[in-house]
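Once you've looked at the hints, dock chains V and S against the given chain D.
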Amino acid sequence: MLGEGIVKGMLETARNFAGSFVSKERLTTVEYPEQRIPTVEAARVFPFLVYDGADWEGGMRCVACQICEKECPPQCIYIEKSKDKKPDFVGKPQFYPARFDIDISVCMSCQICVEVCPFEAIKMDTQFELATDDRFGGLLLDRHELAKSNEYYHSIHPTESTEVDARLAEEKAKADAKTKAAADAAAAKAAAAAAAPPAAPPATPTKEGGS
Amino acid sequence: MNFVFYLLAALTLGGGLAAVLLKHLVHSALATTVAFAGLALLFLQLDAQFAGFAQILVYIGAVAILIVFAILLTRGSDLPKGGVFSATWFVGLVIAAGVFAVLGWAVLISVEALPQQASVPAVTVHDIGIALVGRYVLPLEIVALLLTAATIGAVIVAMHEKGAPK
Amino acid sequence: MAANLDQIFIHLRDWLVAFLPVVLRPATGVLLSVIAIVCVFPGLFALTTVFERKGLGRIQNRLGPNRVGPFGFFQPIADGIKSLTKEDIVPLSANAGVHFLAPLVLVVTVFMGFAVLPMGRNMVLVDMDAGLLFFFAMGAATELSVFMAGWSSRNKYSLLGAMRAVAQMISYEVVLLLSSVSVVMISGSLSLPKIVDAQNQYTGVFPHWYIFTPWGLAGFIMYAIAATAETNRSPFDLPEGESELVAGYHTEYSGFKFALFFLGEYLAMFSISGLGTTLFLGGWSAPLSFLTFIPSWCWFFGKVMLSIFVFIWMRGTLPRLRQDQLMNFAWKFVLPFTLLDLMVTALWRFMGDGWLRWVVCTVILGTAYVFMARLQWRQKHIGPRSYRYAE
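Residue numbers (our numbering), protein chains in the order written: chain D, 1 to 211; chain V, 1001 to 1166; chain S, 2001 to 2391.
Same shape as in the complex, but just chain D:
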């Protein structure tokens, strides 16, 4: 019958019109900026640098290895290594970045820098309201602007950050155990060397085997 489809269509839109006043599924608008859709955990916008503790400069995990700078496809990261070293979370003295700039007008949020970082120092942020009217430097973030604390990282990516913390703690424990074992071995060796200098050489293999 000619016109049947039209009538059915008009009834459907009428139902839509009436339903939009009463049911949520017929009016799916979220009025930004008064209302916001909560971001999912895996959201990513632009990178930021993680620091542990309270001091952003001292606790920064980045050791200026420059892997992310080399891997970044649009080459938006610019790193200048420092001249001196400071100890990292394990205790080993490492370089730190004297300058770490990311140009977020170039960054394409590919997350490659995060994937290649061996030190879990750079992670993806979820903040997107970064528009600025400063044309010449407003979108070039420096070290201080990029540094955000580990607590902030926990707040935006809970599962990921607990995983990272667990991994870092494990590494720290392994490194601690290794240094402890090395220290123990050295101490034992020193003790053995001090305690039994007149001991016969055949006795030492058993001591070394026992430690």
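Because the hints were derived from the structure by calculation, they are not lab data. In this text the structure is predicted, and so the values were computed from the model without any measurement. Where is the CB? At the ideal position from N, CA and C, for every residue including glycine. Watch out, some of these pointers could steer you wrong.
[What the hints assert, rightly or not] What follows is a list of derived Cβ distance ranges for each label pair:
| no. | chain 1 | residue 1 | chain 2 | residue 2 | range |
| --- | --- | --- | --- | --- | --- |
| 1 | D | Gly-3 | S | Arg-2388 | 30 to 36 Å |
| 2 | S | Ala-2390 | D | Glu-4 | 57 to 63 Å |
| 3 | S | Val-2181 | D | Arg-15 | 34 to 40 Å |
| 4 | S | Thr-2362 | V | Leu-1103 | 53 to 59 Å |
| 5 | V | Tyr-1136 | S | Thr-2362 | 50 to 56 Å |
| 6 | D | Gly-5 | S | Leu-2024 | 57 to 63 Å |
| 7 | S | Leu-2024 | V | Val-1102 | 43 to 49 Å |
| 8 | V | Thr-1151 | S | Lys-2194 | 29 to 35 Å |
| 9 | D | Gly-3 | V | Ala-1154 | 29 to 35 Å |
| 10 | V | Trp-1105 | S | Leu-2084 | 54 to 60 Å |
| 11 | D | Glu-12 | S | Thr-2028 | 51 to 57 Å |
| 12 | D | Ala-18 | S | Ala-2390 | 47 to 53 Å |
[Unchecked claim] DSS-like mimics (lysine-lysine), calculated; alpha carbons at most 27 Å apart, straight line:
| no. | chain 1 | residue 1 | chain 2 | residue 2 |
| --- | --- | --- | --- | --- |
| 13 | D | Lys-24 | D | Lys-8 |
| 14 | D | Lys-174 | D | Lys-86 |
| 15 | D | Lys-70 | D | Lys-92 |
| 16 | V | Lys-1023 | S | Lys-2156 |
| 17 | S | Lys-2054 | D | Lys-24 |
| 18 | D | Lys-148 | D | Lys-83 |
| 19 | S | Lys-2156 | D | Lys-8 |
| 20 | D | Lys-24 | D | Lys-83 |
| 21 | D | Lys-8 | S | Lys-2332 |
For chains V and S alone, kept in the frame of chain D given last:
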């Protein structure tokens, strides 16, 4: 009401003159439309409502559109190289003057033949309708036949170009 | 009291005009009515733009504009300021004179159409003997302005849009005229107030509106289709479809001239709805005989706004028709059906009162509708594509 008549006559004549004197063909077509509008207003001034509105409906609404479509579809909007005025324009002027003289003489003679009337009786649409199916039914039928023939002819002319089977 | 409310605008005009000497009174009365029309209908236009945007939004599961004013109802003010302050760009190679005149011709002819609509009891600006013919004459003149706009822009797409628009308008104008002729046949007059008077009678509670008769219903549906096509409204808005032709014949217009085109289109919608209301829905008469205490102009504007809502509803529902589908529909279905409706109306008139004519007319129209619909479906042969090249 003489002033109104002269104004409308000026509008109509101006439109007609512009239609023949303007260089661009579409401008001429639009000036012809102004002349049609002037004619319609003249009809209205003479209290012939039906004729005036029919003039607007048919001439401005259909014939003018037809003219511009014909101009555009046959690529007549390009200006011809040799100018738009014919070399024999004087002969044309003489012939037009001759035709105007004949028509004017015919109208003036017929005005003397009509009875003197102080006021023209208003012709309602009802009267026109009764006249069309009463006294003038034969011309009406002939015109209808003519229109049908024209329509069929147009369809045949348009269909003739469709050679390949669809 | 109800009669006073009904004639309130007439009394207001007479009271204002009484301040002047007798010589000036008729002219001033007409001038006041003209001012009223020129103020009311653009005001309705502003309201309609908001309703349209919010209505379409709700149909499409979203909110319409809601930032400017309460629930967005001051949006037309923002739109008006925007269109007044935008730069008026005229293309360099465009025909400046015709380009300037096109929107003016449109708005002037559309406003003239309001002169014959009876908006209430005794509330028609000019009671012409051939009022309906005048209305259609003005409608025909709007086609010329569409063509002028498209041609003067010196833009292939505008010209194409204008040609399509004019072809569409001419095809559906025939349908419009024929469906009104059946009303004229029954009511016996071309004068719109007389047509309303013929419908302003009640048998019991029910009115004698022509839409409640079989030929009237068929005629109204055909009139509605033709009206949607005349005003280039969805689903017939190919000439101004944004995805096909940018903006069609008003591509090269910006600022206030574009606003005039927009105004012209909506005013044409109002005036054609007003005419449809007058011809088929009884004009200013109330739907039930005990509701006549509500003023006549309330009923007229209510019915017109109802038609506008149906236009908006159709816009939100139906997809756009392609040009050839549109023209096929007009010439192969709507026009034959309207001619049949004309003959059925004549049959209705000559069968005299009684239940028999209802049955006969309904049966004829129903079977013709179904038969022609089937014919249309069967005509669609989808086979291998063949090409025709321009000579």
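Each hint, compared with the structure:
1. Gly-3/D with Arg-2388/S: 30 to 36 Å: Cβ of Gly-3/D to Cβ of Arg-2388/S: about 32 Å, so the range 30 to 36 Å holds.
2. Ala-2390/S with Glu-4/D: 57 to 63 Å: violated, 39 Å
3. Val-2181/S with Arg-15/D: 34 to 40 Å: For Val-2181/S and Arg-15/D the Cβ distance comes to about 38 Å; the hint holds.
4. Thr-2362/S with Leu-1103/V: 53 to 59 Å: At roughly 55 Å between Cβ atoms, Leu-1103/V and Thr-2362/S fall inside 53 to 59 Å, so the hint holds.
5. Tyr-1136/V with Thr-2362/S: 50 to 56 Å: violated, 36 Å
6. Gly-5/D with Leu-2024/S: 57 to 63 Å: holds, 59 Å
7. Leu-2024/S with Val-1102/V: 43 to 49 Å: holds, 47 Å
8. Thr-1151/V with Lys-2194/S: 29 to 35 Å: Given range 29 to 35 Å: holds, Cβ gap about 33 Å.
9. Gly-3/D with Ala-1154/V: 29 to 35 Å: holds, 31 Å
10. Trp-1105/V with Leu-2084/S: 54 to 60 Å: holds, 57 Å
11. Glu-12/D with Thr-2028/S: 51 to 57 Å: Holds - the Cβ-Cβ distance for Glu-12/D and Thr-2028/S, about 52 Å, lies within 51 to 57 Å.
12. Ala-18/D with Ala-2390/S: 47 to 53 Å: holds, 50 Å
13. Lys-24/D with Lys-8/D: holds, 23 Å
14. Lys-174/D with Lys-86/D: holds, 21 Å
15. Lys-70/D with Lys-92/D: Answer holds: Lys-70/D to Lys-92/D is near 24 Å, not above 27 Å.
16. Lys-1023/V with Lys-2156/S: holds, 22 Å
17. Lys-2054/S with Lys-24/D: holds, 17 Å
18. Lys-148/D with Lys-83/D: holds, 24 Å
19. Lys-2156/S with Lys-8/D: Not satisfied, since the Cα-Cα distance of roughly 38 Å exceeds 27 Å.
20. Lys-24/D with Lys-83/D: violated, 60 Å
21. Lys-8/D with Lys-2332/S: This hinted pair holds, its Cα atoms lying about 24 Å apart.
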